[in-house]
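Taking the hints into account, I'd like the entire structure generated from these sequences.
Same order as they appear, the protein sequences are chains A and B. Those letters in the first sequence? Residues 1178 to 1322, by the numbering used here. Those letters in the second sequence? Residues 2 to 389, by the numbering used here.
No wet-lab data here; the hints were simulated from the structure. The structure displayed is predicted, hence computed values, not measured ones. Do not rely on the hints blindly, as some may be mistaken.
Unchecked claim - Derived lysine to aspartate or glutamate pairs resembling EDC-like cross-links, with alpha carbons at most 16 Å apart:
id, chain 1, residue 1, chain 2, residue 2
1, B, 4, B, 322
2, B, 231, B, 104
3, A, 1267, B, 124
4, B, 365, B, 312
5, A, 1321, A, 1248
6, A, 1252, A, 1233
7, B, 58, B, 116
8, A, 1283, A, 1248
9, A, 1267, B, 162
10, A, 1252, B, 256
11, A, 1283, B, 256
12, A, 1252, B, 155
13, B, 317, B, 162
Claimed, not checked - If you anchor each label on the Cβ, the simulated ranges turn out as follows:
id, chain 1, residue 1, chain 2, residue 2, range
14, B, 189, A, 1208, 37 to 43 Å
15, B, 188, A, 1271, 24 to 30 Å
16, B, 189, A, 1293, 24 to 30 Å
Glycine included, C-beta positions come from ideal geometry on N, C-alpha and C.
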Amino acid sequence: MGKAKKDIDDRFKKFGTVGFTATTKVNDFVTHLEEGKVTGTRCKNCGKSYFPPRADCSRCLNSEMEWFPVEGNGKLVTFSRLSFGPAGFKEDIPYTIAVVDYGDYKVFGRIADGIDEGELSVGMEMTTRANRLPNGQLNYVFEKA
Amino acid sequence: MKKAAIIGVGQSTFVRSYPGSIRELAFEGFKEAMKDAGLTSDQIDASVVCSAPEYDKQRSPAGVFAEYLGLNPGPTFYVETLCSSSSTGLRLAYSLVASGLHETVAVIGFQKMSEISSAESQERMGRGADIQWESPFGTMMPAYYAMYARGHMEAYGTSLEDLAAIRVKAATYGQLNDRAVYRKPVTADMFNDPENMMSNPVASPLRVGDCCANADGSSCIIVASAEKAKAVCDKPVWILGLGAASAPVNLAGRDVFNGLDVARRAADQAYRMAGVGPKDIDVAEVHDCFTIAEMMAYEDLGFAERGQGKELIRAKATYQDGEIPVNIDGGLLSKGHPIGATGGSQIRTIVLQLRGEAGQIQVKNPRIGLVHNIGGVGLYGNVTILGI
Chain A
1178 MGKAKKDIDD
1188 RFKKFGTVGF
1198 TATTKVNDFV
1208 THLEEGKVTG
1218 TRCKNCGKSY
1228 FPPRADCSRC
1238 LNSEMEWFPV
1248 EGNGKLVTFS
1258 RLSFGPAGFK
1268 EDIPYTIAVV
1278 DYGDYKVFGR
1288 IADGIDEGEL
1298 SVGMEMTTRA
1308 NRLPNGQLNY
1318 VFEKA
Chain B
2 MKKAAIIGVG
12 QSTFVRSYPG
22 SIRELAFEGF
32 KEAMKDAGLT
42 SDQIDASVVC
52 SAPEYDKQRS
62 PAGVFAEYLG
72 LNPGPTFYVE
82 TLCSSSSTGL
92 RLAYSLVASG
102 LHETVAVIGF
112 QKMSEISSAE
122 SQERMGRGAD
132 IQWESPFGTM
142 MPAYYAMYAR
152 GHMEAYGTSL
162 EDLAAIRVKA
172 ATYGQLNDRA
182 VYRKPVTADM
192 FNDPENMMSN
202 PVASPLRVGD
212 CCANADGSSC
222 IIVASAEKAK
232 AVCDKPVWIL
242 GLGAASAPVN
252 LAGRDVFNGL
262 DVARRAADQA
272 YRMAGVGPKD
282 IDVAEVHDCF
292 TIAEMMAYED
302 LGFAERGQGK
312 ELIRAKATYQ
322 DGEIPVNIDG
332 GLLSKGHPIG
342 ATGGSQIRTI
352 VLQLRGEAGQ
362 IQVKNPRIGL
372 VHNIGGVGLY
382 GNVTILGI
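Here it is as structure tokens:
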């Protein structure tokens, strides 16, 4: 017998303007976003840090992980402003995606709305914060430090 | 391992929308390759079918093609590594032949991107990355390569004019390729004219002119053992080197944003296996899905030092009569990019060049050629070295 539908932990469907994944072992990530925190996971055995968070460590094959907060400043590695978007993202256009480097790990995400492309430059300091989207979904965005 | 050679090559005309079914599309490339090899279907021992499955309505196309192409009861199977599927198919065919398991193997690449509606295609585009962690932000292929373009420009001072020059070169030769989708001339001025479509922004810093177009098409490569090749073929083209690598799908897992690690690794492997270096390559086909992709390929393959790719295009060294001719068939930028068929089309071009049968686009007396075929945004990379 499969689980009754109401028992399925599908919190992850709330992640992103459009979500493509409903169930994952790292569903707590979404609860952390609800609480205003962006989190990654760290292997309790070997200490390797992962972002995005993972349930399993590929280095030592351990599945005991602990959460850590993504906090402080990272460096903007690269970015691109989209003039077209896939289905479901047309309302968001234009928006900017980016990679920010925290040293131990990097974070892929979006630049906060309201930051003009001209204000951005590779190497600048950025922070990452949890964000609620106009459609009620959750994600995280980068802001100038 | 035994040696293996390419004894037949074929491709369909690449078009925006193919007016037939996928089995009929596959037949076009297959027929040309089989006529080229002088073989009939009963002489093919096994087949490898290559495409990106998200565009297919048909479940398990290999079985359908094997029947339509007359390849039953030989074994057939499907392989995919996105845009590099058919060069992965060549790698498998080489393994099957060099191991002695089969004598003659057909690698059939195809994609009918128009098989699905434009709305369905838009939806799939949104899933062209890590669907758990990237796609929820609204990602698209051009934006990923645009992030590499930004990285390259930042690190090396590569300019938008340098990228436009790559498209201008592609169009120079695309006009001569009757199998290409886009056959109009392109000038650098078009990129500076706001009224011209080429200059329209897609994902900064890339513009429409920096991007290749979707297409429908098929390709086919016939691989044979040395014994078989010598018996049936006047001009076998030998598979001298093969390299392949993978990289993290999520860009957060990447360390470098001014080149593709998979291409560097695959190139090293292929050069080592072939016992040659970048200076020995007489003609190359590289995966120019975007102008920046060709720029990075110059450096990842060692045709230029890191950061010096722009000097190659500025000096026109990658033109037909240049030091290292690259994409003299117009590249993906002109031909269009029917995902699963693209690698086979690149291989076909190099085989025709090495045989001296490339017509108007023939480069002078090439003996060693290279094919660089990338899947996703540097997710998969294959480099293949061929020689006569």
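Checked hints:
{"no.": "1", "hint": "4/B / 322/B", "in the structure": "violated, 31 Å"}
{"no.": "2", "hint": "231/B / 104/B", "in the structure": "holds, 12 Å"}
{"no.": "3", "hint": "1267/A / 124/B", "in the structure": "holds, 12 Å"}
{"no.": "4", "hint": "365/B / 312/B", "in the structure": "violated, 22 Å"}
{"no.": "5", "hint": "1321/A / 1248/A", "in the structure": "holds, 13 Å"}
{"no.": "6", "hint": "1252/A / 1233/A", "in the structure": "violated, 27 Å"}
{"no.": "7", "hint": "58/B / 116/B", "in the structure": "holds, 7 Å"}
{"no.": "8", "hint": "1283/A / 1248/A", "in the structure": "holds, 12 Å"}
{"no.": "9", "hint": "1267/A / 162/B", "in the structure": "violated, 30 Å"}
{"no.": "10", "hint": "1252/A / 256/B", "in the structure": "holds, 13 Å"}
{"no.": "11", "hint": "1283/A / 256/B", "in the structure": "holds, 9 Å"}
{"no.": "12", "hint": "1252/A / 155/B", "in the structure": "holds, 14 Å"}
{"no.": "13", "hint": "317/B / 162/B", "in the structure": "holds, 14 Å"}
{"no.": "14", "hint": "189/B / 1208/A: 37 to 43 Å", "in the structure": "violated, 53 Å"}
{"no.": "15", "hint": "188/B / 1271/A: 24 to 30 Å", "in the structure": "holds, 28 Å"}
{"no.": "16", "hint": "189/B / 1293/A: 24 to 30 Å", "in the structure": "holds, 28 Å"}
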